[in-house]
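The listed protein sequences correspond, in order, to chains A and B.
Residue numbers for the first sequence follow the numbering used here, beginning at 4 and rising by one.
Residue numbers for the second sequence follow the numbering used here, beginning at 15 and rising by one.
Derived from the structure by calculation, the hints contain no laboratory data.
Virtual Cβ for every residue (Gly too), placed ideally from N, Cα, C.
The reader is advised that the hints may include incorrect statements.
To be verified - Once the Cα atoms are required to be at most 20 Å apart in a straight line, the calculated EDC-like pairs of lysine to aspartate or glutamate come out as:
#1 K126(A) with D46(A)
#2 K168(A) with E128(A)
#3 K238(B) with D272(B)
#4 K362(A) with D64(B)
#5 K138(B) with D185(B)
#6 K153(B) with D246(A)
#7 K68(B) with E17(B)
#8 K71(B) with D246(A)
#9 K260(B) with E349(A)
#10 K71(B) with D341(A)
#11 K145(B) with D298(A)
As the list claims (entries may be wrong) - Just some of the chain B residues that point at chain A, by a computed CB distance under 7 Å:
#12 F30
#13 G32
#14 T65
#15 I74
#16 R150
#17 K153
#18 G155
#19 F259
#20 N306
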Amino acid sequence: MNSAKFITLDNGLTILIYSDKSKSTNHVELITFFGGNNTSFRDKNDLVKKVHKGTAHLLEHYICEQTDYGNLISNLKNLNVLSANACTNSDATIFYFDTVRNFSACLRLFLTSIFSVSFDKDKLEKTKVAVFNEIRDDKDNISREILDVKVKNIFDMNVNVLGNKTSIKKIGHRYLKDIYENIYVPKNQLLVVAGNFDEEIILKMICVIYEKLTFKNNKRIDSIVEKRDIVKKEDVLRIDSLDEVIMSFKIDTRGMNNFNKYKFDWYLGMFGSINFSKLSKFNDIVRKDKACTGDVYCGTYLKNGYNVLEIMVYTKEREKIKDMILNIVSDFRNNKRDDFDLRKKESLMRVSVRKDSIKSYVSPIIDNYILFGYPHDDTLEFIESLNYDEYIETISQIDFSNYSVLYIENNRK
Amino acid sequence: MFEKINDPIIIKNSNFRGCIFALVFPIYDYREEDLAVLKHLVFDKSMNYDTDEKIYKVNINNYCLSYTGGVVFLGNSPFLEFHLSFPSFNSVKKDVLEDNLYFAKEIIYNPYLIDGFFPSDMVKDTIRLIKNNINRKFKDGKWYYMHRNDTLIDEDNYLVNPILDNINLLDGVDEKTLYRLYKKIISGPPLTFLIGNVNEEECKKLIKKIILDNKIEKVVFEKKYNHFVKDVSSDLKMVREVTNFKTSFVCHTYKVRDMKCDRDKVLLLIVKKLLYSNDSFLLFDVLRKENNLVYRCGVSSTLSFGNLSLWAMTGKDNINSVSNCYDVIMSKISDINFITSKFSLILNSMKEKEDLIRENIMDYLVVRIKRFAEFNEKSRYEMMKDITALEVKNFIDNRLVLVSKYVGVGEEDE
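So here's chain B without its partners, still in its complex pose (with noise of 0.2 Å):
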């Protein structure tokens, strides 16, 4: 359970010239076709400023260089996420996070209502240009491919939201059901936080007095960070099916055993850049240089979950062949001197991203957002020094399970 009080968390760093103030409100309970609307709707306009005129005046007026906000999930936890970049002081030589800070207590605290809901119209409109979205999606190749494997190997409709496959649950969304939703969800206590060069105690108190009515509360709310895959069976799902696509798709998925916690998560990740990073592209090397059967392909994997798929896009006359590259890239990987070879390689990049990321504003402020949510305890890169190689090669040796072969066989071959 995550429990503690919202405080706001300021981040000072005199390296950057814009700040970003965030929002974030945890969602309780909801359904997924109120969810995938509202993010479309959210923070559009509000009572004071009911036009896009109105509010891209007080924007430029405020200094405000973007703003946004919808839902993202953290693992299985869903939160409403508002956003708000702005220059520094020293960029524009005035001080403008408090107009910031009363523009987006309007936009979330008073949002445009007819009737005391959203514009049923907006609402209506949005959900259109979902179906359409959706629609269009699904003429995609490599989206509908990939679809196609999530849905064989999800559990509980983790990996794949159910509106994708039944659009109609987007119809039982109206601007009433959607309005109260929202309202719960805002009648909470967010969490916030600011990050750039400004002065912490100052803009402490401003954020308590403008957003949070000078009102700390305690934020609570169930971490359900984690979906591990539980289904893991040696009974090889095979699903072979013809399409009118002009590429073929082949996909191997794996998934962990008895997959439990963070050092899981991360030793899935060293198999995952084993396979296909830019410390070694044994995948890549292997179907493209060595036998030229592809000119796309990867490796995709929800850490949360537990699977590691291997996918190319190929000539339907190389289906079979792809295929076998596979079983000999899985061996290749699990000889342990090709994973310490790697294994430093893949250990040194990880520390150099991690800090990297303190050079982009709203990737330091993502991860420490993360952090605070307790969603990464640890570092990665901190948790990779603790594993060894021979660690690594158990994990894939025992654990990693094949569990589906999906192809998608197309038109054309080269």
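Chain A on its own, in the form it takes in the complex (with noise of 0.2 Å):
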């Protein structure tokens, strides 16, 4: 059965091919790695350079905009596109389409338009409004007031991707140019073409276009250096919303081989869902909990190169809470050899339906690659592979103490 597969070619461009030809849809994304979190970056002469607040997100909007052959998404919207745009975050900025008809047009004005920008002083000033808008209209957005509050708690390395309308005022159109030149290389980047297509005839469409670019510089950014430490252990943030306690504990995996991140987060997801998901016994006492409203959520995710484990829980009783979390996480060897089982008996049956929908095959493949360095599929053999003695084992490793509690606290009280 055909599988998504990694190449890397020789001016360091590595690309994720995957050809299914019983689908319809292609997608294609080009992430590269300069996002929000990226403060400085090398230049040609390894000299280390400041970036302003905001500029990844700029950079974006520029570059959608204002291509030596027009604006980006409306050219590929004239050959009849499903979708296409592009979004930044902390770490990356990826540029987007799906598309049914004309590939290989889309594909090769895709390419080309990224890397052809001129830059401009008139260009960029109308640039800037509609990213000064999208500053205003962010502030808001409701959902991101808890968000920002917990992550700056959590993570010294912490930058609104949006900027400021002072820091984007500060971005001049040779600055701009600069990071441009300097970060939209190909070893700073992955491009992932994923679809009803000849991978050989795409691949080497890829490459000719690919052999026509020069770059000044082919470096990858440095990796954000992120403090081992959370910022703040305790905060309280009053709004109007229910009572709320949000534990997140930072664990560091920096020592770690790409291969055992990979495989430590899977243990580490297996944890939270026996210990702390709707399905534990923590969530049984907390739903006879008068003084607590709703099931627990419990979460994972990777950021700065941390894990991060986040239960959250409506309640008012803090310490109790709190409490019962710290007494769970270190009672971990009374986890049951049954339950792992069942974590993993659940993961090999939604590994088994992934290709029903090319997105949700190659998005944890994608996953893989930039948060673990490990550009592998999720395979039934390697979840086979995963054991109870090594799963104890693996998070009996892990320091708790590196925890922030954020309580939520009803205003109108």
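Given two chains presented individually in distinct reference frames, assemble the corresponding complex, making use of the accompanying hints.
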């Protein structure tokens, strides 16, 4: 059966390619490893240069709107794509499109446009206006309120992706061009191409496009350096919302190799599910407690090279819930083998149906590469290899003392 | 009136690795506040699976990928729907339909009760969470502005659930009223559907035996799929309010005069796509590309109602400019040459979209359920094929009436 594979070109570009002729849609992403949290870069002379807040996002807008062929998104839409857009997060900038028709033409336009951008003062000032509008609109986005405080308490490197008006105003066209020429380079990118096409033909086309491009600098950007310790142990946020306890454990895996980081993430996910999910004994206790409302929520994510295990409970009983969570994490050796086996069985089941959709198959592979540097699919063989003894051993290595607690306090009281 | 027997509908499709079983009950007499709570409570636990842990274990053993359900509306007709997904035999080399059907039967027909009703604490918790979510929504700029506009143009509470502006209605909901409503709903015959790489005859037999107790009955309900606008007055409603949000909001709403059929819905959809879609991005081009007035803008429309709202978020100094641009835009889309240039693109995209539905198992199931429920007699593409550019122009010129202008004035300009 066909599987996605990683290919690295001579120029250092990594391509994730997957051909599935049973589907009609084609999906392409160009991911550049430059996001809101990248506060510096090295130029071709290895000089470290500062990056103003909001630069990655402004550059994303500029590239979309001001390629030498015109507006990238509009041009793709003129080729009848299903969708096309771009976004910037704290770690990367992503340009993407989905199409059924005109795939080759779209891919050619997409790549040649992104690498054909000239920088001009007037165009930049025009681009900034939309960014200023976006910064203003974002201030009314209520979901950011708790997230921003929570993340600031955990992470030292935590720059607002959009920047602010002051930081954006500082960005000139020559400065932006310098960043573009040093960052939008093959070694600092991942190209994802998945869909109904002939692999050899598309790969050849990509090679031909890149052969015509020259790069003044071709280096992978330095990784974000994040402090190990959480920023703030405890904090209170008073807003118009139910009382809540949000406990976030920041876990250091920097010493692990890529495969072990990948495996660790699996075990951590299972740990969260066994001990803190809706299915856990902890949730049963919370549901029966009159001081709590609703189910426990547990999630894991990666940011700045650290894993985070997060538990949320709607409750006023701060100290009680915090202590319960700490007791549970220290009591992991009592996690049952049966519970572990159930999670493993669930994972096997889910992975077996992933190829029903191109995106559901390719997205985890992209994550594996970007988050862990592990350029492989989640396979049934790998999941079968996970075992309870190794799980206990892995969890025993975690330092659970590095946590931050955010108490949400209802300001209507 | 919908009136059909509830023989199980099996949609065999060997392209998918997963399967979905769905069950739909029409809801007859209800209060909005009861449905608002019920949809969060249903299918949580059962008397035999009275903890989440037990549910998890049985789902894993049954190879259940997921199950969920709640209240859905087709127009003004509410339904209680349940669906459960599992891998096909080819994916896991085991036939798991029967086990999953027994689970579905247990979770639907034997819900977890205390003293014969839904657990009172659970109902109170759910109400508390719903109130919290509604309060939070009012703090979100975009949501607030869209809600205010919907309230302005609404008729008979079709667009806006009355609970949003009066959350105390939820205090009238308790475990007894909820359970009585639920019991009434599930006492009627359901419609059942199964999609995936399955054996049609065997599956039909199993569903009849396990879910329907071998009783095939008529399912009858009034089809209230549309609530077409009646209040289409050219006496413009103008509302301007000052808010504490940073951004301002400008919305012009049109309603369709004499809206009465599916063809009108398709015409309205075409107009929406002329304004803002992958094939025609006139609104975005004028507001952002040409005039740099916005970051976000869009067109919203409820086809079963008959409204078309152009909206944009902007700085307070640009409110009038945005409003003027809307007038320019609406005269541009009335140009027959413009309509003609975009129409074939829109038509091709519609066909493509309908073809692609077959590649997503859930989308495909939903389309088949809607067709069976007589929600869409014909596909939108089939209807669009018969429409001409001139008909679209006449629709815009003669039937779209500007009925309101809503402006929310925020604090910041750029």
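These are the hints, each one checked on the structure:
Between K126(A) and D46(A) the CA atoms are separated by roughly 24 Å; this puts the pair beyond 20 Å, and the hint is violated. A hinted pair counts as satisfied when its Cα atoms are at most 20 Å apart, and K168(A) with E128(A) qualifies at roughly 12 Å. With a CA separation close to 18 Å, the supplied pair K238(B) and D272(B) stays within the 20 Å bound. Under the criterion of a C-alpha separation no larger than 20 Å, the hint pairing K362(A) with D64(B) is inconsistent with the structure, at around 36 Å.
Pair hint K138(B) plus D185(B) holds up; C-alpha atoms about 9 Å apart against a cutoff of 20 Å. Taking the CA atoms of K153(B) and D246(A), the gap is about 17 Å. The hint holds against a cut of 20 Å. The suggested pairing of K68(B) with E17(B) is violated, with an alpha-carbon distance near 39 Å, which exceeds 20 Å. The suggested pairing of K71(B) with D246(A) is violated, with an alpha-carbon distance near 31 Å, which exceeds 20 Å.
Note on K260(B) and E349(A): the hinted pairing is violated, with a Cα-Cα distance of about 46 Å set against a maximum of 20 Å. Using a Cα cut-off of 20 Å, the hinted pair K71(B) and D341(A) holds, with the two alpha carbons roughly 10 Å apart. The suggested pairing of K145(B) with D298(A) holds, with an alpha-carbon distance near 16 Å, which does not exceed 20 Å. At a threshold of 7 Å, the smallest CB-CB gap from F30(B) to chain A is about 5 Å, leaving the interface hint in force.
Among the interface hints, the one on G32(B) holds; its C-beta lies about 4 Å from the nearest C-beta in chain A, closer than the 7 Å criterion. About 6 Å separates the beta-carbon of T65(B) from the nearest beta-carbon of chain A, less than 7 Å, and the hint is met. Hint on I74(B) holds. Least Cβ distance to chain A is approximately 5 Å, under the 7 Å limit. Here the hint on R150(B) is kept, as its CB sits about 6 Å from the closest CB of chain A, short of 7 Å.
A hinted interface residue such as K153(B) counts as satisfied when its beta carbon comes closer than 7 Å to some beta carbon of chain A; here the least separation is about 4 Å, so the hint holds. A distance limit of 7 Å between C-beta atoms decides the matter here; for G155(B) the minimum to chain A is near 3 Å, and the interface restraint holds. A cut of 7 Å between beta carbons decides the hint on F259(B): the least distance to chain A is about 5 Å, and the hint holds. The beta carbon of N306(B) comes within 4 Å of a beta carbon in chain A, closer than 7 Å, and the hint placing it at the interface holds.
The structure shown violates the earlier hints numbered 1, 4, 7, 8, 9.
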